Amino acid sequence: MTQLSTTTITGALDLSRYRPVRVGGAPVRVESDEQGRWRLASEETLDAYPDRITDCLVRGAERHPERTLAARRGADGAWQRLSYRQLLAQARAIGQALLDRGLSAERPLMIWSGNDLQHLQLALGALYAGIPYCPVSPAASHNAGDYTKLAHFVRHLTPGMVYASDGGACAAALATLPDGVEIVLDQGQAKAGRASTALADLLATVPRSVDTANAACGPDTIAKFLFTSGSTKLPKAVITTQRMLCANQQMLLQSFPAFGDKPPVLLDWLPWSHTFGGSHNLGIALYNGGSYYIDDGKPTAHDFATTVRNLQDVAPTVFFNVPKGWELLTTALQDNPELCKRFFSQMELFFFAGAGLSQAAWDALEQVSEAGCGQRIRIMAGLGMTETSPSCTFTTGPVMMAGYVGLPAPACEVKLVQVDGKYEARFRGPHVMPGYWRAPDASAAAFDEEGYYCSGDAVRFVDPARPELGLMFDGRIAEDFKLSSGTFVSVGPLRARVIGAGAPYVHDVVVAGIDRDSIGLLVFPRLDQCLSLSGLGADADTAAILASVPVRQHFQRLMTQLNAQATGSASRVARMLLLEEAPSVQAGEQTDKGSINQRVVLQRRAALVEALYGDSAAVLRNEASGGA
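Heads up, this note's numbering is the position in the sequence shown plus 1009, with the first residue counted as 1.
Honestly, the hints are just simulated from the structure, not real lab data. Watch out, some of these pointers could steer you wrong.
Here are the computed lysine to aspartate or glutamate pairs in the EDC-like style, where the Cα-Cα straight-line distance is at most 20 Å [claimed, not checked]:
| no. | residue 1 | residue 2 |
| --- | --- | --- |
| 1 | Lys1491 | Glu1422 |
| 2 | Lys1200 | Asp1220 |
| 3 | Lys1491 | Glu1459 |
| 4 | Lys1307 | Asp1125 |
| 5 | Lys1350 | Glu1375 |
| 6 | Lys1307 | Asp1344 |
| 7 | Lys1350 | Glu1379 |
| 8 | Lys1271 | Glu1071 |
Simulated restraints on C-beta separations [to be verified]:
| no. | residue 1 | residue 2 | range |
| --- | --- | --- | --- |
| 9 | Phe1497 | Pro1559 | 18 to 26 Å |
| 10 | Gly1460 | Arg1031 | 30 to 38 Å |
| 11 | Arg1318 | Ala1575 | 41 to 49 Å |
| 12 | Gly1154 | Phe1497 | 37 to 45 Å |
| 13 | Thr1551 | Ala1615 | 17 to 25 Å |
| 14 | Thr1496 | Glu1589 | 29 to 37 Å |
| 15 | Val1215 | Arg1068 | 32 to 40 Å |
| 16 | Asn1572 | His1311 | 33 to 41 Å |
| 17 | Gly1111 | Pro1228 | 19 to 27 Å |
| 18 | Ser1025 | Gln1595 | 15 to 23 Å |
| 19 | Gln1595 | Gly1430 | 50 to 58 Å |
| 20 | Gln1198 | Glu1589 | 36 to 44 Å |
| 21 | Asp1056 | Ala1591 | 39 to 47 Å |
A quick note: this is a predicted structure, and the numbers were derived from the prediction, not measured. For each residue, glycine too, the CB sits at the ideal point set by N, CA and C.
From just these sequences and the hints, can you work out the full model?
Written out as structure tokens, the structure is:
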């Protein structure tokens, strides 16, 4: 093997316009071999990390017992706070209650709840006792009678206990549970005939053997199960160990030493049923002695006002959101000088997740930062997944732009292997899962012959001549497809191009054309923006908005603009259909954090795909080629 480059990354990025913040910048080793495979690794070794993530809770209760670890607004609007001392005491009590009931990896705890303080109490209790838990998206248990996915989760994990924050809201789902599964509720009642236990009873348990159980936990103890999104098959349960959580947080700390300079403060809505919200973000607060404020807002036109209200009280040091959330926040900051002043008072780092941030949104965010505090804030991203708990690479290199996913974190080994004409990113390190729970065949298929996890994510070098500069995201290999001509379509880059060029009128897009003659787009428009564009009154319905002349003309121009940059049938858009129905979380078309599942959309809307390639007057066509 020939070593091509060992370079310390410095100087290329002009940081003079950015607020000073400590970000890692270790040398990166880049190598290639005769098979055309590449390997990248940081030359910084990983420092020691705890055996258990709850060691950070114990340490916090000793060093700063009254500091807020978690808070959420109550029904009266006041913040309800739990300190490190309180949460340790609650974790010990709940952990003892779980041990008393004989819960284990074979009979774990399942949590049917969104982000709330009770969810956190139960999760920490399970972690402290060494009993795995599984957080499930509320959409699965509130799905109006369709509990197919929820039933799969229950069959696969065989939980010994299920917690639901509201028994009334989940009554129908709770009724589907097998006999012998204990139901724990914070409020409300299960359906008649099903007994339930009050969460208060668990909290009242006197600790006896739980500290001994905690001491017996080690790096290989299963911390939790997280289900994958099921983008290609039924969701799989990812085994997440204590080592994975602790190692990944240490990788984060060494990539962003600012987290250790002062306790981080987060205000965050990203769901704990996903690895980014529940392992990454919540973990940053816990691992570094910080405070986590639960945001009940969401990045939608209706719910973002809650986030704005919360930001008037809480000044985060680091802020995470999906692209839509960043766009809404940029507008709010532009319109509210006092909010802007408060928001930037302690801010050090921005992160985005769920999808790529368009360059237009990126530029707007930097402009509002400069206007608000006289400096830009570094916008960070990376590449991660549930199977790697989650982070593998971070944008700590010398490039700052949309699509950049950066360089390997300390202790993460990255291997690039050519698959279907692209480089698949594969990962190895202490943060990578041992496998999927009760799925030996899927586990074996997930790793290559050298033990690297095969992510299915495609990447490319920012500059092939200088691979040490790092990596750009190049889409999901599983989403790519061939046209009937055999031409390969790379979905990820095309989708990003459409969203970027279509801002602010495009929410998301799904690329169609498998075994067809040409590419078609199913577009999820932003109806609030399209309403303004249409010139119609506020009471106009969705169909009228999308059928209006100004809106159709705009999207026709967008298609022309996209095709002006096309190099052939693999990137030329022949037709486009604007969708009236938003992507459904309940149907699995969209995750809680806003990521689109292309396969599910194409399956669920097969009739619309047929309409896209038919004679419907609603379809916009490439005027230059008559839609061919």
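Verification of the hints:
no.	hint	in the structure
1	Lys1491 x Glu1422	violated, 31 Å
2	Lys1200 x Asp1220	violated, 36 Å
3	Lys1491 x Glu1459	violated, 30 Å
4	Lys1307 x Asp1125	holds, 14 Å
5	Lys1350 x Glu1375	holds, 15 Å
6	Lys1307 x Asp1344	holds, 19 Å
7	Lys1350 x Glu1379	holds, 12 Å
8	Lys1271 x Glu1071	holds, 17 Å
9	Phe1497 x Pro1559: 18 to 26 Å	violated, 36 Å
10	Gly1460 x Arg1031: 30 to 38 Å	holds, 33 Å
11	Arg1318 x Ala1575: 41 to 49 Å	holds, 44 Å
12	Gly1154 x Phe1497: 37 to 45 Å	holds, 41 Å
13	Thr1551 x Ala1615: 17 to 25 Å	holds, 21 Å
14	Thr1496 x Glu1589: 29 to 37 Å	holds, 31 Å
15	Val1215 x Arg1068: 32 to 40 Å	violated, 24 Å
16	Asn1572 x His1311: 33 to 41 Å	holds, 35 Å
17	Gly1111 x Pro1228: 19 to 27 Å	holds, 24 Å
18	Ser1025 x Gln1595: 15 to 23 Å	violated, 48 Å
19	Gln1595 x Gly1430: 50 to 58 Å	violated, 36 Å
20	Gln1198 x Glu1589: 36 to 44 Å	holds, 38 Å
21	Asp1056 x Ala1591: 39 to 47 Å	holds, 45 Å
Hints 1, 2, 3, 9, 15, 18 and 19 from the earlier list are contradicted by this structure; the remaining hints agree with it.
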